[in-house]
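Novice: Here is what each chain is made of, one letter per residue.
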Amino acid sequence: MSDVVIKVENLGKQYRLGEIGSGTLAGDFKNWVKKISGKKDTFEIGENDRTQQAKKGDVVWAVKDVNFEVKQGEVIGIIGKNGAGKSTLLKMLSRVTAPSIGNIKVKGRIASLLEVGTGFHPDLTGRENIFLNGAILGMTKSEIRSKFDEIVEFSGVSRYIDTPVKRYSSGMYVRLAFAVAAHLEPEILIVDEVLAVGDVEFQRKCLGKMKDVSGQGRTVIFVSHNMGAVKSLCTTGIVMKNGTVDFAGNINDCVTQYLKINTSDNEGDVVISQKGIGTGEAKITRLQLLNNQGTASESVLYKSPIRMRFYIYSSIDIPQVNADVKLCDKDGSILFHALNLFSHEPLSLQKGENIFEVEIDNQLLPGSFLATVGIHNASTMLTIDYHENILSFEIIKAAEIAAESYPYEWVVAPAMVGSKWSKIASS
Amino acid sequence: MNFDYEISSKKGPFSLNLKELWKYHDLITLLVKRDYVAVYKQTVLGPVWFFVQPIITSIVFTVIFGNIAKLTPDGVPGFLFFLCGQTFWNYFSSCLTATSNTFVANASVFGKVYFPRLSVPISVVISNLLKFSIQFILLIVVWFYYFFIDKSYHLQPSFSILLVPFYLIIMALLGLSLGLIISSLTTKYRDLTFLVGFGVQLLMYGSSVVIPLSEVKNPTIHALIQYNPITPVLEAAKHSFGCGGSFNFYMLMYSFIVAIILLLFGIATFNKVEKTFMDTV
Chain A
42 MSDVVIKVEN LGKQYRLGEI GSGTLAGDFK NWVKKISGKK DTFEIGENDR
92 TQQAKKGDVV WAVKDVNFEV KQGEVIGIIG KNGAGKSTLL KMLSRVTAPS
142 IGNIKVKGRI ASLLEVGTGF HPDLTGRENI FLNGAILGMT KSEIRSKFDE
192 IVEFSGVSRY IDTPVKRYSS GMYVRLAFAV AAHLEPEILI VDEVLAVGDV
242 EFQRKCLGKM KDVSGQGRTV IFVSHNMGAV KSLCTTGIVM KNGTVDFAGN
292 INDCVTQYLK INTSDNEGDV VISQKGIGTG EAKITRLQLL NNQGTASESV
342 LYKSPIRMRF YIYSSIDIPQ VNADVKLCDK DGSILFHALN LFSHEPLSLQ
392 KGENIFEVEI DNQLLPGSFL ATVGIHNAST MLTIDYHENI LSFEIIKAAE
442 IAAESYPYEW VVAPAMVGSK WSKIASS
Chain B
-8 MNFDYEISSK KGPFSLNLKE LWKYHDLITL LVKRDYVAVY KQTVLGPVWF
42 FVQPIITSIV FTVIFGNIAK LTPDGVPGFL FFLCGQTFWN YFSSCLTATS
92 NTFVANASVF GKVYFPRLSV PISVVISNLL KFSIQFILLI VVWFYYFFID
142 KSYHLQPSFS ILLVPFYLII MALLGLSLGL IISSLTTKYR DLTFLVGFGV
192 QLLMYGSSVV IPLSEVKNPT IHALIQYNPI TPVLEAAKHS FGCGGSFNFY
242 MLMYSFIVAI ILLLFGIATF NKVEKTFMDT V
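As they're listed, the protein sequences go chains A and B. Letter 43 of the first sequence, counting from 1, is numbered 84 in the numbering used here, and no numbers are missing. Letter 20 of the second sequence, counting from 1, is numbered 11 in the numbering used here, and no numbers are missing.
The hints are simulated quantities; they were obtained by calculation from the structure and are not laboratory data. You can trust all of the hints, since none of them are fake.
Here are the in silico distance ranges between beta carbons for each label pair:
#	chain 1	residue 1	chain 2	residue 2	range
1	B	A98	A	A337	48 to 58 angstroms
2	A	S211	B	K32	17 to 27 angstroms
3	B	S99	A	S314	37 to 47 angstroms
4	B	Y31	A	R150	31 to 41 angstroms
Pairs of lysine-lysine residues, derived as DSSO-like cross-links and limited to a Cα-Cα distance of at most 30 angstroms, are as follows:
#	chain 1	residue 1	chain 2	residue 2
5	A	K182	B	K32
6	A	K246	A	K182
7	A	K182	B	K266
8	B	K24	A	K182
None of the values given here were measured: they were computed from a predicted structure. Positions of the beta carbon are idealized from the N, C-alpha and C atoms, including for glycine.
Work out the full structure: start from the sequences and follow the hints.
Specialist: Dropping the structure here:
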């Protein structure tokens, strides 16, 4: 069981920013002449840290110095923020693109569930497409033939199997495509949930298939942003950050580490320098969590309201904005959503500095939590700035009035709901 | 530890990994089938369309170049002369045009899943061979008509007719290797896609499909056409069927060697592009 099936050594992939090549044949020819005459290619300006502002023609390492091993039967989760290099790593693992440096040694067939429907030809019938798609995925004709009935049964389109797939409904199309991929039986399966488009049903199927595969002692590589799913499915994990492996090991430690990358120690006062997601006309520059005394703190008393202050710099006037806070547990699952629309309190941004404050009912039980914040343009419905899991905080057992402190040793759920209990009958 | 394969940045320019390609032979046959079946789905005439194109073009050529410009060699039916040239030329040109957009046309598939990329151009060459066979039958039928029924022409086929498979190999290699080179370059320079259609057309007039080599009087143009590696094959093919042309063994070998050199060059560029084309296409 301890056989290594994937061994990644010094893996790196470099991309050039801006236009590819010099844009003209003549320019490329000049570079080529320089290259063969021993001089440096004019494009090799030097490395650029991927976080820095890059100039045109700079090279960026999307993945660099990555080393890890995957053992037979392991279910490994790869986690990291958007742009951490997860997809590039997967592309190299599935041989879609070659690394710039280093190598990957693989034992067994790798297949990934993001290939659903690859190579389907609209004019061919379902039957013909099963064979074609199966062959593209690496099955032999006899393998497909032996599984054909199973595939058709699984897809549930047996009535239409001799109809061209262009007449299929999109649901039938996806089901058929998935059925082929699901019967591939690779030694190593890659599931990229980030890219797995489709309905909930379909995603559930993917995860189900993944469980089956890992149950049979085969290796699975799982990429996801859903920490809950990662925790429940994987045994080990890798945290990617800026193209390198930030942490590797037990999956629980990985998830903790990943969430730490996002938040870092902030003591309830975060100065936001990184770019958020959104149109960017205004930026949340600083976020504070305030305690009862009105000073920044990362701990909130049990049952005390959660007060947050947004410092926003806006480059234009925006008459109507929505601001929201999502409270998440330490796995990143959203628990509560606080939005000014819910409480009918309109907000606006003036050009320059703005400060918003929000007070959220505290229904959380003691534990660690994360806050995701965002501002959105209320008239265009576009997100202006958004930061995921930007602030971490803790609910402590102590309450403002000592007698109201949380008295128990155990915490069953991250939050509570109000409830009324009464006895209806007794004999 | 023995691993099945290694993914790395290094790969020899001429490494073909034929073993792996063979593992995917089922894919190649299915791709051939797809090319063949998909093209004529939802048409009434189906594969009959394979006949229509060479017949129409040959008729047009017969009228323009045979009857108006009087360019056909003596003692050869014009229609047969053009049909013979067309059949062989078509095999080359369709191999070339179809392989030349391998990367761009299959970008969506190549971007998601790995299989030996070379299986696509190889399947193209094979499916065009099927198309050629159908057109070749047409040529044989027309030839039999002139040989047995309409005896006003005295067709003199030569034993070199046995070399037809060899002509095909040269044509396939030339089409494939030029196609590989162009497809590799189009990932970066899309301009070439526009140039291919026009270039193939131009090349046809430069390779004795329409104008017999013996009719070209200008010495420079004559030499240009003569050393075009396609010309010796077309000339020999016409000679084999007794429709003019000339058989020159040395020139045929010259074509073959050029084809091999181009093939090596084509494989090298293809291998180089194959590794990273997803980042540029």
